[in-house]
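Undergrad: If you want the building blocks of each chain, they are given just below.
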Amino acid sequence: MLLIHCPYCEEERPEPEFRHAGEAHIARAENITELSDEEFERHFFIRSNPKGIAFERWRHMHGCARFFNAARDTLSDKFLVTYKIGTPKPDLSGEIRRK
Amino acid sequence: MRKYSVFAIAREALRGNTGWPEQWGSPEPKKSYDVIIIGGGGHGLGAAYYLAKEHGITNVAVLEKGWLGGGNTGRNTTIIRSNYLYDESAGLYNHALRLWGGLSQDLNYNVMYSARGVMMLAHNVHDVQVFKRHIHANRLNGVENEWLTPEQAKEYCPPLNISKDARYPVMGAALQRRGGTARHDAVAWGYARGASDRGVDIIQNCEVTGIRRGRDGAVTGVETTRGPINASKVGVSAAGHSSVLMQMADVQVPLESFPLQALVSEPVKPVFPCVVMSNTVHAYISQSDKGELVIGAGTDQYTSYSQTGSLAILQHTLDAICELYPMFTRMKMMRSWGGVVDVTPDRSPILAKTPVKGLYVNCGWGTGGFKATPGSAHVFAHTIARDEPHPINAPYTLERFRTGRLIDEAAAAAVAH
Amino acid sequence: MVEIAHRTSPLEGRGFEGDGISLSVAKPASRLSLRAPEGSLPALSEALGLELPQRPKSTSTKGNRAALWLGPDEWLVIDEDGADLMAICGKIPDLHSAVDTSHRNVAIEVSGARSADVLSAGCPQDLSLARFPVGASSRTVFGKVEIILWRRDEQTFHVECWRSFSAYGFDLLEAAAREAE
Amino acid sequence: MTQAFRIPSAGRLDTGRTLDFTFDGKSFTGLEGDTLASALLANGVHLTGRSFKYHRPRGILSAGAEEPNALVGIHRDEARRTPNVRTTIQELYAGLTAVSQNRWPSLSFDVGAISNLGAPFFSAGFYYKTFMWPRAAWERLYEPVIRRTAGLGVAPDKPDPDHYSNRFAHCDVLVIGGGAAGLAAALAAAEKGASVIIADEQAALGGSLRFESGAEIDGRPGWEWAQETKTALRARDNVRVLTRTTGFGYYAHNMLGLVERLTDHLAEPSPEAPRERLWQVRAKRVVLATGAIERHMVFPDNDRPGVMLASAARTYLNHYGVAVGRKVSVYTAEDSAYAAAIDLKKSGTDVLAIVDLRTDPEGALVEQARSLGIDVFAGHAVTGTEGRLRVRRVSISPVSGGPRRELEIDTLLTSSGWTPAVHLFSQSRGKLAFDEENQRFLPGEYVQDAVSVGACNGTSDLAETVAESLRAGETAAKETGAKKRKTVKFEAQASEDWSSGMAGAAPGAKSGSKAMAFVDFQHDVTAKDIRQAVREGMRSIEHVKRFTTTGMATDQGKTSNIHGLAIASEMLGKPIPQVGLTTFRSPYTPVTFGALVGHGRGKLFEPTRRTPIHSWAEAHGAAFEPVGQWERAWYFPQNGEDMHAAVARECHTTRQAAGIFDATTLGKIEVVGPDAARFMELMYTNPWQKLAVGRCRYGVMLREDGFIYDDGVVGRLAEDRFHVTTTTGGAPRVLNHMEDYLQTEFPELKVWLTSTSEQWAVIAVQGPKSRDIIAPFVEDIDISDEAMPHMSVREGRVCGVPARLFRLSFTGERGFEINVPADYGLSVWEAVWAEGQKYGACAYGTETMHVLRAEKGLIIIGQETDGTVTPDDAGLNWAIGKKKTDFVGIRGLQRPDLVAKGRKQLVGLKTTDPKTVLEEGAQVVADPDQPVPMKMIGHVTSSYWSENCGHSIALALIEDGRERMGEKLFVPMPDGVIEVEVTSTVFFDPDGERTNG
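Taken in order, these protein sequences are the chains called D, V, Z and X. Position 3 of the first sequence, counting from 1, maps to 2 under numbering that gives the first Met the number 0, and the rest follow consecutively. Position 255 of the second sequence, counting from 1, maps to 254 under numbering that gives the first Met the number 0, and the rest follow consecutively. Position 22 of the third sequence, counting from 1, maps to 21 under numbering that gives the first Met the number 0, and the rest follow consecutively. Position 496 of the fourth sequence, counting from 1, maps to 495 under numbering that gives the first Met the number 0, and the rest follow consecutively.
Don't take every hint at face value.
In silico lysine-lysine, DSS-like type, Cα no more than 27 Å apart, as pairs [to be verified]:
#, chain 1, residue 1, chain 2, residue 2
1, V, Lys52, V, Lys2
2, X, Lys128, V, Lys268
3, X, Lys488, X, Lys283
4, X, Lys934, V, Lys2
5, X, Lys749, X, Lys883
6, Z, Lys26, X, Lys602
7, V, Lys268, X, Lys25
8, Z, Lys143, D, Lys77
9, X, Lys283, Z, Lys143
10, V, Lys131, X, Lys909
11, X, Lys602, X, Lys749
12, V, Lys268, V, Lys30
13, X, Lys934, X, Lys909
To list a few chain D residues with every Cβ distance to chain Z over 10 Å, as calculated [to be verified]:
#, residue
14, Glu16
15, Gly21
16, Ala26
17, Phe44
Hints listed in this document are in silico derivations from the structure and should not be mistaken for laboratory results. Positions of the beta carbon are idealized from the N, C-alpha and C atoms, including for glycine.
Hey, can you work out the whole structure from these sequences and the hints?
TA: Laid out in structure tokens, this is it:
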């Protein structure tokens, strides 16, 4: 059971309150109908699935019900940071290099 | 290869079992091979074995970053069955089931394939509809699968609770009698021994750190922790780590890796005669030849390579086990473990050529790869040797995610109403 | 003339008294699921007669009315006197969404010296006074259902859940309450 | 024989408080405070079990959780039979009934022991090499025999009447282990003001102070100090002391699983008391004070009953007042075992000799042993033992060669050193470091917020242990923000050092020896087996372990892992760290399924959701079906009707008069805000902007990949308010799907979503008389066809309470759905039902609902669709807003395979024989005479007998189905082929006249 810091509730809460919601920063194209089959495949199916730092979405389903983003190390399952939807992807290149 | 037999055992017994030869060699890697297989699990070792045995390609190396069979091969609950819905799945898994039947003799290694029957429980009207759809499709596809009433299910598996008052009453079951289990380690070791005997180099503790490509983009070899190795054909068979490897060749795959856990109980005298799966309540159980109840749990919700999972997942599974078999609460969990499973969007594997010439991939088996081991290895070897898929794995392409021609077994069991 | 329909609680007749623990079903109340952006809060607060709290996990009360912060733009408003909260909000032109959930939720009062321990049988949050002080409220889980938990005093918790989950919720509370320490 | 081995002058138990118990039917007496093992030993019983593979007689090896041999069944009653209970952990209670395991017919005469004779044939992994010929014999002969030999104890066969409990807990500092180290750490942390939980697996705190006779802490004997400290901790309100509680698992983010055993030690537990409680503790800091585990010596025939660990003998003597034998010798490679000899000697037991592998042992303990008159054979090894059910003689020889000597004994104590219990540290994913000098693994790099103290940290001196633990407790408290100034400090001393020893096979069991020198007792793995595994190419310790099964028994290798590793390392000529160490996995000791399940059994296994009208349905004889978590009325049999008859009647009555149906479980979402319609446009394929207030529309929801996800009728209550319905099972995922898009893709939209599924009870009244039935109850709403046509919604009052009244139909009849606040649901239902009786209406359940909608060709999500069906496949293209430029799924629908020819399309099927009802899921072929595997072109999704049509009806997904109207197709069944004709999906009232009355 992970302990997850919810950026809206501003505290760490236990995993059963949350739902993982897949990779973060995959925006739905505004002109989605104009995407080629390859582009649509990339948007809908292809995932980076990194061994190391993953940017992912969680929903505080049984808490504030907000979706938010997180950076988590998929080797240790430790969170580096969680942040609100709409805030830019944090630059963790330093962390990633150190891995 | 020294043949295993009862006579060999008797002979060795008299000399204190000191004369058994190595089951497989541990050579230093050569500079170059015809084919490199990345991943020393059942699928990878099997592919090397069939490359040598059926295609005469023996200048082959299997590179394993840890120890043979240490990935999902050694971490699963060893369920074998082939009663899948779609023609594509039935073809692949039934191919595997046929090979399981003769695998011990073929390898001269007893993989202890035990056709004790796999029973899948239906707990509501929707389950009944779905299972019957499977049974009808299986019958017309020549795949054995039959419907049991709750009473017949109880007769086949006496500990089963078929009370109508159960939270999820058993409304019937689909039984595949030729389904069952096998000894997971023996599958890896048997293939390793067979491949090694035919000249394949099995190289453990050798992690691939890069995939080399020539000017034309074609594969030329791999970088490893033990130096570069050349090969014009590379087959990736690395389960949960397939994404990482494929990215080394700039191939993006639709995969996510999740922790999957399993557990065994303390050993008890035989009490559970078959394999029972209940998808509705997520409970998968059989009893090993040592007497342990072997119980498969679900995946955690988040992606991870940590090879651990949360206690809550085990609790959830045991809730269901104790609901279906209420006498088991006094049993004890003796050991639990986690693996990393690679899951595709349609829950079916990718077993195919890739856009990179000379690069082949066998991945995306999710929670169910063990059962397919011989079939998958067999057609993967074919794909590598001929540079074209076997008709059985032809539908399992990477392109299907672009065209939408999915093989969606999971969706076929969609949630009711 | 047709007879006017009467209410039936899903927890009709439930209750439990034990050593250091008491479980009782709360009286029917009006409830509102209120959603609004920050700009609408002054008007809504004024209409409701209490300050809609903006700190996570907090609650404000006025008489028998309370507003529980559930999310950054979400409140559960409870009026134990059964006031028509929809009508109150309906008069406010400022942007918001008010939905009547009076019958969706059922409330159980958990009180006594063991109340936090009994809730800890199914709630994974830290319910110590330091982390979940009097007046704190939060949506969370209890066993296999979602609840809203509100600490009314050191030894009293107000537990809300959806009505079809309330039997499970009460059963689990009772199982934990019956346990000898 | 009553407790002949009890020494009244020794131990801490009250000899006046006796308890009777039985083992294998024989009655014995023990003392309150005994374990089953100590009570048996007090009565001179060592033989307690049989090994797994060779059925060798085995005795009590240890005095703790590491016990591999002395496992028994405990039978409280018929339903409370627990297999594989360690006698060394089980506390004695009056009337305890224990039975031995894995033997037939009796423990002392076991037929299975014949396998011992065949041991050379049953070498490691022998089964991989045989049983393959003839092929058929594997299944018929070999495999059944192998499977029959499985297991140790007997599993219970009745539902468990005990119950189990769960508790989530949080603390600043969690201390695992209540020995000197744990107690000191807990005390220091508590004094600083931190909230502390300390857990120990034993009934009392004190750990190895239980046997360390010379230990002194803070000026008192160690054990006394421990008890006083425990009392002091218990008295504090910032400390929780958990005894009989094992920390079994270390999970992510500093969560540990602990299991507390509450009743297994009681003769008559209260029925209210849970048997066990699972503690899921989230700690800011964890102090691991888990001690060390003594290893046995690996030498020929080292497994006879009477051969046991030195520290165990000391525990039995110093704590339980039991002498483990009359004529005792010690075999050791380190110092601490000397203390056992000394304590026993002092108690009056005959200690013949200490056989020490070391050539030149020295130090105070050695001197003291000699001075007590114990012969010390330095540089000697035990090279063999004799005795069938109990050791009676050992042979010893000088390691450097020389004459063999024999000692007549009844007990041999062994110790090859101590293995730090790093299990939890390893589970926390910390990296172990190898201590070359002392041949042991110690905590290296920490990954979580933990610290190890005492013996598990390799600290073997008591004074150092206490000092280190006080520091650790204080630091942990400070790091979690505790601020009190108070610092605890005191001195401690003891005579023993646990750091030295040896690992691997002792002389006599070295390479080349044919002797049975056991490494893993329970699984009968010998040094020889491990060497054979290495010879066969098993170079990783994981392979060795799996090939030989060493370390995989119920004790999970607590005494054997290091020996196995050392032997493999010697064979491979590689240092131990390069051979590897098996990762430690949870649980530390076996944990009952019950404890992990906790309350989650029976009615608490999963919530059962019931509607407000459930009790009425129950009282009216409904059969129920589970649908997700809901229990829904399935059909209402009357006068002994079967399902078929009941459904036929319900279907007929509904179309002739009216039917009343509880539709409460439908998901409901209120979509509110100025951008509500815009949001609906994006979430559903249909157009919504122009839907008038008061009107309804059937909506289709897709996933982004273009496949149907959900459907339902949506009513517009106001410009900015929609009442959306979803499928019953789909309600939570549909709301999540909508929230996902709203929050992350379309956050600019001013709209909010609220689940109202449970706010409203929904009473569907369908049929020609429906309006008549509801009319008396409806206020403020004109329900005439003109004022309220099909697919409209009004707000008003029904039965005097606020209601949303929908005019809609899932049956093809004139129909209404009355939504009233849920607490009123039952009352309104009863009123409507009473009125319905005047018109001959019936109540109907989900099965009739399914038939009636199938007669009209209406789909059910999850039945006609399965996640691979597009709107076009389902004949719902009309529901896609043709002018829309965007909605979720719009792009997915354009993918090549979704627009290709040959897709399966929804059609109706009529059997040539109208009485034949197809089976749902049956496959359809064009050519019934083709061989297997057949080309299947589709399958039956729904199939019923239609009383209203007078023939069977079916819906099916068929390749290019809509082009096959009128075509004959075939459904091959096991007992013959059924001929069918492809038809329209609408079987009843094709022009839809009845809907409008």
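Undergrad: Hints first: check each against the structure and report whether it holds.
TA: Each hint tested on the structure:
In summary, the hint linking lysine 52 of chain V to lysine 2 of chain V is supported, as the alpha carbons are separated by about 17 Å, within the 27 Å threshold. A C-alpha spacing of about 24 Å is found between lysine 128 of chain X and lysine 268 of chain V, which places the hinted pair at or below 27 Å, so the restraint holds. For the hint pairing lysine 488 of chain X with lysine 283 of chain X, the CA-to-CA distance comes to about 24 Å; that is within 27 Å, so the pair holds. This hinted pair does not check out: lysine 934 of chain X and lysine 2 of chain V have alpha carbons roughly 44 Å apart, beyond 27 Å.
The hinted pair formed by lysine 749 of chain X and lysine 883 of chain X meets the criterion: a straight-line CA distance of about 20 Å does not exceed 27 Å. Among the hinted pairs, lysine 26 of chain Z with lysine 602 of chain X is consistent with the structure: their alpha-carbon atoms are about 25 Å apart, no more than 27 Å. A C-alpha spacing of about 24 Å is found between lysine 268 of chain V and lysine 25 of chain X, which places the hinted pair at or below 27 Å, so the restraint holds. For the given pair, lysine 143 of chain Z sits about 26 Å from lysine 77 of chain D by alpha-carbon distance, which is consistent with the 27 Å threshold.
Note on lysine 283 of chain X and lysine 143 of chain Z: the hinted pairing holds, with a Cα-Cα distance of about 26 Å set against a maximum of 27 Å. Only pairs whose Cα atoms come within 27 Å are accepted, and lysine 131 of chain V paired with lysine 909 of chain X is accepted, the gap being roughly 20 Å. For the suggested pair lysine 602 of chain X and lysine 749 of chain X, the alpha carbons sit about 42 Å apart, so the restraint of at most 27 Å is broken. At most 27 Å may separate the alpha-carbon atoms for a hinted pair to count; lysine 268 of chain V and lysine 30 of chain V exceed this at roughly 52 Å.
A hinted pair counts as satisfied when its Cα atoms are at most 27 Å apart, and lysine 934 of chain X with lysine 909 of chain X qualifies at roughly 21 Å. Distance check for glutamate 16 of chain D against chain Z: the nearest CB is about 6 Å away, which does not clear 10 Å, and the non-interface claim fails. Listed as a non-interface residue, glycine 21 of chain D keeps its Cβ farther than 10 Å from every Cβ of chain Z; the least gap is roughly 21 Å. With a least beta-carbon separation of about 22 Å from chain Z, alanine 26 of chain D lies farther than 10 Å from that chain, consistent with its non-interface assignment.
Remark: the non-interface label on phenylalanine 44 of chain D is consistent with the geometry, its nearest Cβ contact in chain Z lying 31 Å away (cut-off 10 Å).
Checked against the numbered hints given earlier, the structure breaks hints 4, 11, 12 and 14 and satisfies all the rest.
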